[in-house]
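*Asks:* Construct all of the structure, not just a fragment, from the sequences and the given hints.
Protein chains: 2
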Amino acid sequence: MDAQVKPHERLAHALAEPLAEVDAMIRARMASENAPRIPEVTDHLIGAGGKRIRPMLTLAAARMNGYLGPYDVHLAATVEFIHTATLLHDDVVDESGQRRGRPTANLLWDNKSSVLVGDYLFARSFQLMVETGSMRVLDILANAAATIAEGEVLQLTAMSDLSTGEETYLKIVRGKTAALFSAATEVGGVIAGARLDLVQALERYGDALGIAFQMVDDLLDWQRGDDIGKNVGDDFRERKMTLPIIRAVAAAEGEEWTFWVRTIGRGKQEDGDLERAEELLHRHGALDGTRETAIAWAEDAKEALSPLPDNELRDMLRDLADYVVARIR
Amino acid sequence: MDAQVKPHERLAHALAEPLAEVDAMIRARMASENAPRIPEVTDHLIGAGGKRIRPMLTLAAARMNGYLGPYDVHLAATVEFIHTATLLHDDVVDESGQRRGRPTANLLWDNKSSVLVGDYLFARSFQLMVETGSMRVLDILANAAATIAEGEVLQLTAMSDLSTGEETYLKIVRGKTAALFSAATEVGGVIAGARLDLVQALERYGDALGIAFQMVDDLLDWQRGDDIGKNVGDDFRERKMTLPIIRAVAAAEGEEWTFWVRTIGRGKQEDGDLERAEELLHRHGALDGTRETAIAWAEDAKEALSPLPDNELRDMLRDLADYVVARIR
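Protein sequences, first through last, are from chains A and B.
Heads up, the first sequence is in the numbering used here, so the first residue is 1 and it goes up one at a time.
Heads up, the second sequence is in the numbering used here, so the first residue is 1 and it goes up one at a time.
Keep in mind that a hint or two might mislead.
A pair holds if it fits inside one copy or across any two, identical chains being indistinguishable in the list.
Lysine to any residue pairs mimicking SDA-like chemistry, simulated, CA-CA at most 20 Å apart [what the hints assert, rightly or not]: (1) K112 - D91; (2) K268 - I328; (3) K240 - H284; (4) K112 - R10; (5) K112 - R283; (6) K112 - V261; (7) K268 - R224; (8) K112 - S160; (9) K112 - E238; (10) K268 - T258; (11) K268 - E9; (12) K112 - L87; (13) K6 - D322; (14) K302 - R318; (15) K112 - D90; (16) K268 - D234; (17) K6 - E33; (18) K302 - T157.
Derived from the structure by calculation, the hints contain no laboratory data.
*Replies:* Okay, here's the thing in structure tokens:
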């Protein structure tokens with residue numbers, strides 16, 4: 001296959017067969033004879049043909065260890081359900097913030113559906129895990145679910161809090177992204193019956209990949225000229241304490257500190273503030289520093305893979321770690 | 001003990017010791033070192049000293065079958081966590097409806113916390129179940145969670161829909177109340193290692209009790225002179241298709257039908273409509289009929305208990321079924 005083909009596309013090709021089973025399972029389990037609204041709400045999310053990174057992580061982790069199914073398919077669908085449920089609940093949390101306390105009735109209707117359909121997907125994912133019959137898998141995913149929810153609450157309370165440090169940021173990032181990435185790879189290893197040290201290696205890979213992924217996401221918020229449909233500085237406007245801002249705040253003194261207190265701490269933002277924030281980030285090397293930290297996590301992810309069986313799937317996971325940070329190079 | 005003492009108070013007395021353990025477990029598991037907001041939000045809900053009906057159902061079901069712990073305590077805490085999580089998510093769904101699309105920023109902040117802390121409690125409950133090591137328990141509670149979420153979505157879509165029939169109503173009621181009641185009693189029997197027919201009897205008891213409980217709740221919405229802090233006709237104003245309304249609508253013709261189409265179907269309510277609705281409910285015996293149906297479900301609950309060991313706890317559960325419908329006599 002062409003070397004220019006992206007690693008997630010190569011994974012999708014190598015895992016085409018089980019991925020098709022995952023898709024079929026997702027469609028079957030989303031259905032609800034009692035509440036037809038449920039597939040209506042989830043269809044555009046799950047059916048929109050996202051990259052399916054998380055289910056591919058589970059399938060790759062299981063199959064690189066020689067597993068041939070069927071329960072990696074259940075677990076891949078589980079992971080995608082959990083991801084979709086958190087997206088639905090994030091919508092409620094994020095949208096209401098953006099509209100500054102004045103959502104439309106239509107938005108509220110969506111909020112109701114988002115909350116309840118998210119709950120339904122959580123319950124469905126839970127049923128899928130039970131079908132695997134593996135208590136270890138249930139334990140891993142229950143812990144991941146708690147970390148995810150805790151991280152979301154932490155993000156909510158850390159917002160606009162200038163005292164937020166890198167340790168808290170890492171907990172938030174684990175909740176937002178890395179906990180599900182690492183659970184996805186870990187349960188793949190567990191269901192394959194892999195040795196404990198290999199399962200731990202997979203868990204570490206998923207964790208580091210997820211952290212790198214989220215840091216890159218936070219960096220892209222400051223990157224101009226992309227057609228990813230996001231505006232530059234959304235996080236700044238929403239007063240989120242992302243790593244670049246945390247580092248610029250840590251280096252701030254005098255007037256700079258006053259600026260952050262006003263714009264992030266008190267949320268009094270004016271024209272020109274975004275440009276000033278960017279300037280401060282550059283002045284203190286906060287963007288370059290975050291980029292280096294993200295690359296270090298990607299290296300850690302690749303390093304984690306070394307004890308795993310040397311095969312094509314492992315190579316693709318290694319390339320995936322490079323690709324995640326290549327988005328910002 | 002005085003015969004005037006209510007059955008749930010007698011249960012609380014008989015189960016005082018394990019209930020104290022449940023309370024301690026709930027407090028311990030609510031805590032989050034990473035996100036102190038979580039106990040803040042849950043404290044007033046769980047700590048407010050509710051009747052703890054659901055955890056008592058689990059403890060009673062286990063102990064009437066000779067179980068001495070410890071996992072009924074985990075499961076009782078699980079059930080209370082799930083109940084609290086659904087209350088938190090219901091708040092989001094109900095409050096936003098009441099404010100007609102114009103909630104305050106403060107309300108929205110609560111919405112965010114409600115969604116995320118509810119998710120956290122779901123995850124915590126899931127961890128507690130895993131600790132019991134019983135895959136059968138996990139299966140029962142996963143199915144209950146799916147039924148609950150489905151019922152909530154169904155209620156949302158059935159709202160203001162005059163074609164809603166009694167079959168749909170029963171599905172909604174199972175989702176709102178009976179699914180968790182029956183899971184609570186069923187897992188109590190399972191963890192006690194009770195025979196399959198006894199587990200099924202417990203499941204049927206919880207289901208019937210929950211249905212009677214919810215029907216009474218829907219009737220109380222029309223009862224004047226209570227100091228329960230609810231206004232008469234809240235369900236009518238919110239255009240909920242409860243059993244009394246379903247029956248009055250089923251009997252409606254001509255002008256009566258036009259009335260329901262306007263007030264429930266299109267939501268155009270005026271002064272005097274509530275009184276007119278009450279009059280129609282009385283004219284068609286919809287309140288008396290619902291009361292009879294609720295009593296029949298309570299009888300079914302009592303009947304279900306007959307194969308279970310004849311002891312004090314069983315007597316209390318029987319009296320509890322009578323008490324639930326006595327509220328409307």
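*Asks:* Against each hint, give a clear statement of whether it holds in the structure.
*Replies:* Evaluation of the provided hints:
Proximity of K112 to D91 under the C-alpha cut-off of 20 Å is found in both arrangements, the shortest distances being 11 Å within a copy and 10 Å between copies. Proximity of K268 to I328 under the C-alpha cut-off of 20 Å is found in neither arrangement, the shortest distances being 30 Å within a copy and 55 Å between copies. In the homo-oligomer, the alpha carbons of K240 and H284 lie at most 20 Å apart inside one protomer (19 Å), although the nearest pairing across protomers, at 58 Å, exceeds that limit. In this assembly of identical chains, K112 and R10 lie within 20 Å of each other by CA distance neither inside one copy nor across copies; the values are 38 Å within and 38 Å between.
When the C-alpha separation of K112 and R283 is checked against a cutoff of 20 Å, the pair qualifies neither within a copy, at 44 Å, nor between copies, at 35 Å. With identical chains, the CA atoms of K112 and V261 are never at most 20 Å apart, being 35 Å at best within one copy and 24 Å at best between copies. When the C-alpha separation of K268 and R224 is checked against a cutoff of 20 Å, the pair qualifies neither within a copy, at 24 Å, nor between copies, at 50 Å. Proximity of K112 to S160 under the C-alpha cut-off of 20 Å is restricted to the inter-copy arrangement: shortest distance 16 Å between copies versus 27 Å within a copy.
For a Cα distance limit of 20 Å, the shortest separation of K112 from E238 across copies, 15 Å, qualifies, whereas the shortest one inside one copy, 23 Å, does not. In this assembly of identical chains, K268 and T258 lie within 20 Å of each other by CA distance solely inside one copy; the values are 12 Å within and 53 Å between copies. Proximity of K268 and E9 under a CA criterion of 20 Å is satisfied in neither setting, with 44 Å inside one chain copy and 54 Å between copies. Within a single copy, K112 and L87 get their C-alpha atoms as close as 14 Å, and across copies as close as 13 Å, so both meet the 20 Å cut-off.
Proximity of K6 and D322 under a CA criterion of 20 Å is satisfied intra-copy only: 10 Å inside one chain copy versus 66 Å between copies. In this assembly of identical chains, the alpha carbons of K302 and R318 lie at most 20 Å apart only when taken from the same copy (5 Å versus 62 Å across copies). Taking the shortest Cα distances, K112 and D90 sit within 20 Å of each other both inside one copy (13 Å) and across copies (9 Å). Proximity of K268 and D234 under a CA criterion of 20 Å is satisfied intra-copy only: 15 Å inside one chain copy versus 41 Å between copies.
With identical chains, the CA atoms of K6 and E33 are never at most 20 Å apart, being 39 Å at best within one copy and 40 Å at best between copies. For the homomeric pair K302 and T157, neither the shortest alpha-carbon distance inside one copy (33 Å) nor that between copies (48 Å) is at most 20 Å.
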